[in-house]
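Just so you know, the sequences run in chain order A and B. The numbering of the first sequence is our numbering, which starts it at 1 and goes up by one. The numbering of the second sequence is our numbering, which starts it at 1 and goes up by one.
These are calculated hints, taken from the structure and not from any lab test. None of the values given here were measured: they were computed from a predicted structure. Incorrect hints may appear among the rest.
What the hints assert, rightly or not - Here are some, though not all, of the chain B residues that point toward chain A, as calculated from beta-carbon distances under 8 Å:
| # | residue |
| --- | --- |
| 1 | P8 |
| 2 | T9 |
| 3 | L11 |
| 4 | N30 |
| 5 | S33 |
| 6 | G42 |
| 7 | G56 |
| 8 | G58 |
| 9 | F60 |
| 10 | P61 |
| 11 | P62 |
| 12 | E102 |
| 13 | Q103 |
| 14 | G106 |
Said to hold, decoys possible - Non-contacting residues of chain B with respect to chain A, defined by C-beta distances greater than 10 Å in every case (computed):
| # | residue |
| --- | --- |
| 15 | G40 |
| 16 | F64 |
| 17 | E82 |
To be verified - Pairs of lysine-lysine residues, derived as DSS-like cross-links and limited to a Cα-Cα distance of at most 30 Å, are as follows:
| # | chain 1 | residue 1 | chain 2 | residue 2 |
| --- | --- | --- | --- | --- |
| 18 | B | K13 | A | K45 |
| 19 | A | K45 | A | K79 |
| 20 | A | K42 | A | K2 |
| 21 | A | K42 | A | K79 |
| 22 | A | K42 | B | K13 |
| 23 | A | K45 | B | K95 |
| 24 | A | K79 | B | K95 |
| 25 | B | K95 | A | K2 |
| 26 | A | K2 | A | K45 |
Backbone N, C-alpha and C fix where the C-beta goes; we use that ideal spot for every residue, glycine too.
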Amino acid sequence: RKEVEQDPGPFNVPEGATVAFNCTYSNSASQSFFWYRQDCRKEPKLLMSVYSSGNEDGRFTAQLNRASQYISLLIRDSKLSDSATYLCVVRWGTGANNLFFGTGTRLTVIP
Amino acid sequence: ETGVTQSPTHLIKTRGQQVTLRCSSQSGHNTVSWYQQALGQGPQFIFQYYREEENGRGNFPPRFSGLQFPNYSSELNVNALELDDSALYLCASSKGQGVAYEQYFGPGTRLTVT
């Protein structure tokens with residue numbers, strides 16, 4: 001089983017729509033959770049960290065469910081500029097703070 | 001821009017050859033991690049260097065090796081290249097090795113093995 005699993009999509013949504021992505025992780029000892037955004041042929045960039053209490057940053061809301069070991073990202077009022085691949089990322093363990101990435105979910109926002 | 005730079009941006013090699021990729025970490029960062037991202041996949045952790053020592057390794061064979069220099073820049077070396085090594089190689093730097101430290105990614109080196 002992969003450490004982090006995501007639906008690869010693609011998700012094609014019209015501008016203004018609300019879209020949600022889910023991700024599951026296998027290691028119950030996971031400590032940190034993130035959503036990264038990756039534009040085509042570019043490096044991943046941190047979109048937001050995910051906290052147990054849930055957190056919101058403008059149009060983006062992230063939720064963590066430790067009991068079910070899943071993470072979600074909700075994007076409201078989608079913009080054309082939101083088109084990208086969204087990577088679910090988990091981190092656990094001591095020592096090397098390596099990140100475990102999902103395969104990413106591709107989002108295309110259509111005019 | 002994160003301040004993390006990588007060179008070269010693109011590279012074409014043939015099977016069996018060796019390659020060296022380079023990464024300059026962001027100022028003030030002492031930890032560099034390397035990731036391999038195959039097409040359509042998420043990045044996979046190769047290894048991490050902290051203060052010039054390897055500090056963790058993913059599921060990659062020994063022909064993937066690395067170095068970190070006193071200025072905290074780093075190299076990734078791959079020997080005996082295979083077709084499946086074709087990927088985007090990303091380095092990420094952070095202020096430390098602990099889980100509290102965010103990683104900042106460079107733009108990557110796209111390696112094609114023919």
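Quiz prompt | Structure-inconsistent hints, enumerated in ascending order | solution = 1, 2, 3, 4, 9, 10, 11, 15, 24
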